[in-house]
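Residue numbers (the working numbering), protein chains in the order written: chain A, 1 to 544; chain B, 545 to 1053.
In short, the hints are calculated from the structure, not lab data. Be aware that a few hints might be false.
Derived BS3-like pairs: lysine-lysine, alpha-carbon spacing no greater than 25 Å straight-line [as the list claims (entries may be wrong)]:
1. A/K19 <-> B/K963
2. A/K193 <-> A/K92
3. A/K439 <-> B/K882
4. A/K299 <-> A/K24
5. A/K354 <-> A/K78
6. B/K643 <-> A/K24
7. B/K730 <-> A/K354
8. B/K601 <-> B/K581
9. B/K845 <-> A/K442
10. A/K445 <-> B/K848
11. A/K287 <-> A/K348
12. A/K466 <-> B/K783
13. B/K644 <-> B/K682
14. B/K620 <-> A/K445
15. A/K354 <-> B/K903
16. B/K879 <-> A/K92
17. B/K848 <-> A/K439
18. A/K445 <-> B/K882
19. B/K788 <-> A/K439
20. B/K661 <-> B/K643
21. B/K879 <-> A/K445
22. B/K941 <-> A/K279
23. B/K845 <-> A/K439
24. A/K154 <-> A/K167
25. A/K362 <-> B/K1049
26. A/K444 <-> B/K682
27. B/K596 <-> B/K619
28. A/K404 <-> B/K1032
29. A/K444 <-> B/K882
30. A/K8 <-> A/K112
31. B/K730 <-> B/K576
32. A/K404 <-> B/K581
33. A/K348 <-> B/K882
34. A/K362 <-> B/K801
35. A/K364 <-> B/K788
36. A/K348 <-> B/K941
37. B/K1053 <-> A/K354
38. B/K941 <-> A/K287
39. A/K24 <-> B/K953
One letter stands for each residue in the lines below.
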Amino acid sequence: MAIVKFSKRGFERHVKITKEVQEKIPLFGTPLESLGEDEIEIEIFPNRPDLLSLQGYLRSFLAFLGRKPGLKRYIVNKPQKDYTVRIDSSVKNIRPYTACAVVKGIKFDDEKIKEIIDMQEKLHATFGRNRKKAAIGIYPYEKIRMPICYKALKPEKIKFRPLGFPKEISGRQILSQHPAGRDYGYLLEGLEKYPVFIDSNEKVLSMPPIINSYDTGKVTEKTKNVFIECSGSDFNTLDKTLNILVTALADMGGNIYAMRLVYGTKKLITPNIKPGKIKVSILNVNKLLGLNLNEGDIKKLLERMGHSYNKGVVQVAAYRTDVLHEVDIIEDIAIAYGYNNFSPEIPKVMAIGKEDDFEFRKRKVAEILIGLGITEVSTYHLTAKQDIKKTGLKTDSIEVENAKTEYNVLRPALLVSGLKILSENFSARYPLNIFEIGKIFKAKKDIEEATRLAVLLCDAETDYTKIKQVLDYLFSALDTGYEITATEHDSFISGRVGRVVVGKEEVGYIGEIHPKVLDQWGIRVPVAAFELNLADLFEIIETK
Amino acid sequence: MEIENVVASLHPLERRVLPFLGKIDTLKDLIKETKLKEVEITRALQWLENKKIVTLKEDIREIIQLDKNGIEYLKKGLPEKRMLETIKSREMGLDEARKKSGLNKDEFNVALGVLQKKAAVFITKRNGLKIKILDNGKKLLEGGFLEGVFLERGFPLQAGELTPEERFSYRELKKRKNIIKTVIIKSKTARLTELGQEILKKGIMSGEFIDRLTPEMLKTGQWRRKKFRSYDVAINVPKIFGGKRHFVNQAVDYAKKIWIELGFEEMVGDLVVSGFWNFDALFTAQDHPVREMQDTFYIAKEGKLPEKKLVNKVKKAHESGVHGSRGWQYSWNEKEAKRLLLRTHTTCLSAQTLYMLSKIKEKRGKFFAVGRCFRNETVDWSHGFEFNQTEGIVVDKNVNFRHLLGYLKEFFMKMGFEKIRFAPAYFPYTEPSVEISAWNRERGVWLELGGAGIFRPELVVPLIGEFIPVLAWGPGFDRMIMNYYQIKDLRDMYRNDLTKLRKMKFWIK
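With the rest of the complex left out, here is chain B (with noise of 0.2 Å):
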């Protein structure tokens, strides 16, 4: 970058601290200096260096001090010192010599160790414990001891510029209780380029830039004078967050939008519905273990059954059959159908919508839901109370079990798998029935993404009034978002963590 580019570039808080630098290079004093904040200098310096202007170097310096033992010591001595001048004329007892020489216990243990490590005492177990001073311990009292000079060396004093005896002696004064203290102070010095050093040569007259263009600049014309500062277009800016759907609803959206593109209808109805609609019309015995309170949430309520007629046919249906089946031979019961319940599939949009189409000429169509089901679990990672499903049905005189397969594999390649399988499976309510299942690239595993089949007679012309095949499917949808999402635990589903929802990217496929 041009030099000139570089200065008009600079912040006004830049141009207020690079006078100084080159004169002081320590943020203490550039405090003192410029009046500034500590934060202001510190990003002023980092946008600074970030230009080349100055290099910022972070020091950390160890600084010995004297603790209180310490400046007690540099006045009486150090013990092992005392020691030794009490002991220096004769032989005596431990206990003589600790009292004489004035020191504690600890002190004395100390010394003793000390003098015993320099060979400078000896210890007789003669007649009790005594203490003798040898040669090398008159040496040390003439010469002095070298923690002793070390005291009087002048505090504080800094780590790095110790002689290799005084660091010695550092050492071992370490080792011992209060006698110095060592402070870490960090410190930043910034020091000028060259680049710094010419833009200071050059002089940074700060009035002819505009830093922020007002409204009162447009008025007078002002800015016409001046130069804009440059900014540093790649710098770091404060988050925001819009408003935004929740990642489920745009799943779900995506998912219809791909439904009504194929030319379906949506359908629409209720959470709660009778066991009715939600199994009875749906070929689904009543003895059936889905039924179960363990697996459906009952609500102690009765709800009411649709007309006469089609509850009559429904009943023939699981009893003895209708359209030459057998049926599931046993006897109904209305009570049973009456029960209400939180929907545990889409699919009981579908037998209302087939029951809609009895009434009109027209009994073909293509209709679609996306929505919320419930069945009874525990919650944890991989199990939840509420899911949501994707329900469509085709009716048509003339589709098939290709026709099935080949809309289940346009939707998925259009929710973004790109290898579909399909197995046989088992429902109540379809024969043939397909479980499909896609390949997860990342993972490496096949991915059981739900069940799908033609409706059976038995379901179909009770309420249609006759068999025309009907495609169905419902698979589970949380899957899939899941799977675009990356979300490992089901409970992330609701959990709706604002910051976790604000940051998440958008459903665009």
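Isolated chain A, as found in the complex (with noise of 0.2 Å):
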């Protein structure tokens, strides 16, 4: 989740932000955070980081609110002569990819060089993954010479001033001295060499994904031309961010010029912005949608949403990374038609509800006990490792990786669960009587979840008596006999704990809590319970 803060005067030098724009906006598909004295906080979601830049978003959003419909067309100049980047074979392994460009003709200012600086950790956060998709870096062109190269080097090798750095240093140091190699650093740890661009000087650019160089990769108002890359694992990603970047740039006031790449014998040129082109069906928006829009209709909502259409083809902005299929062109005319000006019907097809047989029952078995008085609780999945260990269970349990808090794994029994809430309800009136229904997990083989009832009684008064009633009275409800045949359990009392045995199967125990148990919980009070695997009852009731 994306949230962008915009000058609310760069904003309002477009649109004016009455009431009915601050209804607009979340209508457009991007919700409205925060209106304040200076900015406005808008959110972002991630198939459309072209929003990302105060540039873009007014782009669409001028289109949306149809002050300037249509797709918006830029001119990209041809790269001059020496406009080459060559890809090293070096970099294969490591950071495959760049696409790059120039933009000349921007009069940078604090706050231009603010935005472009906003945009860039923008995108790196989202669409970029972290930098590892792609990876921004923008240069003043005054300070650098083309031709240049993208290869990778021996850590040691590599040696510049990093901007926001005071001397010159290894590539290794950068990874474990500048902030920025720590924060990333992992992205390249393991290899054995690191990604650079050099220009003709034999300067190092930067370290991508890390860091510039101080002297040849800082924008400042002095700045009028800038030379950007991108560098990443998938072309497709850095072909999109760089698009997104240098319309941006061109919306501020620059000339975008073109750079050749060259890898190995493959040859491309780019930014590449040429509009894509993705039929639409006026049947399949109408279906789709429940409209009866016609061709004419279609054509002012695209051009709503930036795009252009004619004959049946949708001409789609070169920067729109999320058009994979025609539903994404139906999407844009439904937002462009307005969520709230659609009327919502339930349509009239008959069909017959069912709830699920086993969750029938379950319902049934809560009722059987609420008739005793007996109230139900609901617990975490998960639960905490010394929880069950004070059960007295072995915690050889499935343990969930990295979780944030020590609730991190499944729980093997109810039982688990019911004695901490008696231990937690010390204060509260007895008897303290608690059934709960839901899953456990084992490891087998595979994971094993099974449904179980566990039912606990905390009284003074009680003992296995009162419990084996409760357990009377339910087998008595679900009209079935049991059998108990004594056994031993570590959480039970030695001679005071049964198997329950339903024909020939094991479904579940029955006894006194053992004092050790009671004493690990800090209960004070006798418990006595039983728990059962349900789902194994009922299997065995079915087929009886």
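Grab the two chains, each in its own frame, and use the hints to assemble them into the complex.
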């Protein structure tokens, strides 16, 4: 989730933020988070990285408002004679792709520089997947000499003064000493060589995706022309990222120049801002949206979303990353039409509803126990290891990775949660009689989930008789017989615990909780309990 | 109330206490005379007051007693008096005066202070500090000190009954150490009202009224000759609590009922699923941030994939697209799809259901689920690692976006929200996508309730085999529960505070 902050002044130079506009912003698909004195905060969904800059946002929003509808066209000037980036084969297994451009004639000031840095950071964090898929470098054209080479070098061989650092250090030192190196160093970890951009003066421009050079990679108010590179693991992402950048810079007043990229024998030119083409059928639009639009309506609506339409073909701006299929175009039509203008309707289709059989039975079991005045509880499936230990159970439970809390194992028995509740409710009025129906997890060959029922009685008078009365009542309500055979269980008092057997199958256990367990939980009142595997039980009942 | 009715309503305890009233009125005496326990008398008096038979008055009395210095001074005289006696004949040094008077240092200083204040002595600084009696002092010795007179007054004394002079002395002495002390005594007195006096006059024969109806009386027919004591039917009684379902499950049951009434069939399934069903089958690219460990609970175990044919179709949808789509354009990894995890949404059930539909002829239907889902989160008032989601899909060649909004509106209206708003949203697996918000009247805000949309062809085609519109939604459910029960802290959902659970209202909509 990306929240962008635009300067209110910058925004209002193009669109006055009236009450009506405030309502339009979320209907455009960009929730309005807050509107402050100086700033406007807007959420941008991950499918629209082109809206992350003020220029990109206003371009699309003005179209949506009907002020500047249709596809906005940009001119890309041909590369000048030495506008070449040679991609060395050494980057192949490291950070294989780049897409580059030059933009000239921008009047940089503080506000513009800040806007560009913000856009760069937001693109890194979202579309660039924290610089893994795409990292962006922007350089003052005046400080570098074309052509440029993108290659990988041994970290010791890389030497330059990184931005925000007092002196020249090696590639390896950047990872350990520079803040950006510490944050993003993991992206280069374990690699024998690190990627660099080097100009024809043999000067390092940057070591992507970490940091630019102080000498050649710092845009200031004096900068007029910039060289832009995007590097990463996926060319398509880089292509789009570059398009988003150069169109935003063009909206700031810049002129776009292409670069020649030489991948071995393969040559190509970026940026490629030729609009994409996708077919859309009026029939499909109306069928999916439940509307009755004609071709003229559709053309108008598409233009509101920054597209152009001609005879069933939509031209989609080259910075749009989200158009994979006709349905994406149909959604744009829906947004332009206005979600608030659709009239909701329930189709008149006959259908018979049905509760799941087992869910129905679970509900019946709950009803039976409520009839005995027992209170249902509901707990987490994840529990803490120590709670399992306190219950006297083995702790070889299934653990989840990297949990942010101590609740990091899947519960092996409902007894654990039940005893926890009793221990926390010592000040409530006794008796504390509770039950829970829920899933437990066992690590076998695969992970087995079972739905169980646990009943716990806790009172000065509680004993085996009391809990067996509940079990008796439950089984008679279910019209099923059962037997109990003596057993041993770490949670229960020896000689006061039994297996619950139906037919020949064991479906659970019953007994008085061991004082050692109560002690570990800090429970000072006797507890008797049973736990049944409901799925097994109902299966047996069914086949009987 | 008629006097007879009042008499008929008297409880045995009231009948025991009432005859003594008029003669004695304090609780202490009543305990002595009636041989009842204090709590019984208190209750009886309270009931009698409710019936306007007595008026209760709580008296707070301040009793003054002599403290240990007071007792001593009563015998020996106050220090200031003893000092004056010592110096009445001549001027002397302070040390000498102290020694001769036999006062300790504290007493001497106090006496000196008092005497100076009363202008009874004069201290000179000639040749060291000397003290000398003045005329006022001589008069005091003759006429006596007010405070001294007060000490002889006889204790205990009631503070309320002091004369103005005594009150002055009392205040002065109270400032000093351990001379007098005051004790606050609270006592309840009961006074008969006119009604009470009338009742007493008439007599209150207790034998004529039945208090508790017993099986014995029913057997013998004794009850025929007697009257029933009337109860105070508005009386407060001790609370009892019945068994009940956990409030979250009450809400879940209600939501299920709505879906079933709307003709939906329930889907259920495992909480531990593979990445394949939770993400890949839902066209969520393998590098999508939601799949990272910071957000999803993974289990270090590999799960199984479904049949190869399906896996290949999903792979193709991701890599190069199906049904005219471009796909996500990356190389799909089977290993990533095998990773086991705790389901992050119930939408994995919808994916499984769609796949099930590919096996049958009638590829249509309406399905729902309400269930627990997980996300790797810290726990605080607004975050938790487990949450409930309600899921629904409608599979039919003829459904559209307006129908999606129709079902959502119907469901949320039934959940008690009167005003619903739809806005564009983004999910990797739906297009168009929509976010639902409901107006919360009390707080005057829009509550975001969750997302919905029409499943993308890249999802539907591999699972069912053709593109059929599938309306789908999966709003979180907990916000609605919290809104209904006015729960502010998400942790209270599963705190299982039994005292609170017992008192909580039922989910009745």
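Evaluation of the provided hints:
For the given pair, A/K19 sits about 20 Å from B/K963 by alpha-carbon distance, which is consistent with the 25 Å threshold. For a cut-off of 25 Å, the pair hint linking A/K193 to A/K92 stands: about 11 Å separates their Cα positions. Under the criterion of a C-alpha separation no larger than 25 Å, the hint pairing A/K439 with B/K882 is consistent with the structure, at around 22 Å. Among the hinted pairs, A/K299 with A/K24 is consistent with the structure: their alpha-carbon atoms are about 20 Å apart, no more than 25 Å.
Restraint check: the Cα-Cα separation between A/K354 and A/K78 comes to about 65 Å, which exceeds 25 Å; the hinted pair is violated. Restraint check: the Cα-Cα separation between B/K643 and A/K24 comes to about 97 Å, which exceeds 25 Å; the hinted pair is violated. For the proposed pair B/K730 and A/K354, the alpha carbon gap of about 69 Å is over 25 Å, so the pair is violated. Between B/K601 and B/K581 the CA atoms are separated by roughly 20 Å; this keeps the pair inside 25 Å, and the hint holds.
Restraint check for B/K845 and A/K442: the C-alpha separation of about 13 Å stays at or below 25 Å, so the hint holds. Under the criterion of a C-alpha separation no larger than 25 Å, the hint pairing A/K445 with B/K848 is consistent with the structure, at around 11 Å. A C-alpha spacing of about 16 Å is found between A/K287 and A/K348, which places the hinted pair at or below 25 Å, so the restraint holds. Annotation: proposed proximity of A/K466 to B/K783 holds, straight-line Cα distance about 23 Å (limit 25 Å).
This hinted pair checks out: B/K644 and B/K682 have alpha carbons roughly 18 Å apart, not beyond 25 Å. Distance check on the hinted pair: B/K620 and A/K445 sit about 98 Å apart at the alpha-carbon level, beyond 25 Å; violated. Taking the CA atoms of A/K354 and B/K903, the gap is near 20 Å; set against the 25 Å cutoff, the hint holds. With a C-alpha separation of about 23 Å, the suggested pairing of B/K879 with A/K92 holds against the 25 Å cut-off.
A C-alpha spacing of about 21 Å is found between B/K848 and A/K439, which places the hinted pair at or below 25 Å, so the restraint holds. Between A/K445 and B/K882 the alpha-carbon distance is near 15 Å, which keeps this suggested pair within the 25 Å criterion. About 20 Å separates the Cα atoms of B/K788 and A/K439, which keeps this hinted pair within 25 Å; it holds. Between the alpha carbons of B/K661 and B/K643 the distance comes to roughly 22 Å, so the proposed pair stays at or under 25 Å and holds.
Among the hinted pairs, B/K879 with A/K445 is consistent with the structure: their alpha-carbon atoms are about 18 Å apart, no more than 25 Å. With a C-alpha separation of about 21 Å, the suggested pairing of B/K941 with A/K279 holds against the 25 Å cut-off. The straight-line distance between the Cα atoms of B/K845 and A/K439 is roughly 19 Å, inside the 25 Å bound, and the hint therefore holds. Between A/K154 and A/K167 the alpha-carbon distance is near 20 Å, which keeps this suggested pair within the 25 Å criterion.
Among the hinted pairs, A/K362 with B/K1049 is consistent with the structure: their alpha-carbon atoms are about 22 Å apart, no more than 25 Å. About 107 Å separates the Cα atoms of A/K444 and B/K682, which puts this hinted pair outside 25 Å; it is violated. Proposed proximity of B/K596 and B/K619 is contradicted: the alpha carbons are some 52 Å apart, above 25 Å. Of the supplied pair hints, the one linking A/K404 and B/K1032 holds, its CA atoms being roughly 22 Å apart against a limit of 25 Å.
The hinted pair formed by A/K444 and B/K882 meets the criterion: a straight-line CA distance of about 17 Å does not exceed 25 Å. Distance restraint check for A/K8 and A/K112: the Cα-Cα separation of roughly 14 Å lies within the 25 Å cut-off, and the hinted pair is therefore satisfied. Among the hinted pairs, B/K730 with B/K576 is consistent with the structure: their alpha-carbon atoms are about 18 Å apart, no more than 25 Å. Proposed proximity of A/K404 and B/K581 is contradicted: the alpha carbons are some 59 Å apart, above 25 Å.
A C-alpha spacing of about 41 Å is found between A/K348 and B/K882, which places the hinted pair above 25 Å, so the restraint is violated. Between A/K362 and B/K801 the CA atoms are separated by roughly 15 Å; this keeps the pair inside 25 Å, and the hint holds. Between A/K364 and B/K788 the alpha-carbon distance is near 13 Å, which keeps this suggested pair within the 25 Å criterion. Our distance criterion of 25 Å between C-alpha atoms is met by A/K348 and B/K941, whose separation comes to about 14 Å.
As the CA atoms of B/K1053 and A/K354 are separated by approximately 21 Å, the hinted pair is consistent with the 25 Å bound. Restraint check for B/K941 and A/K287: the C-alpha separation of about 9 Å stays at or below 25 Å, so the hint holds. This hinted pair checks out: A/K24 and B/K953 have alpha carbons roughly 21 Å apart, not beyond 25 Å.
In summary, the numbered hints that this structure violates are 5, 6, 7, 14, 26, 27, 32, 33.
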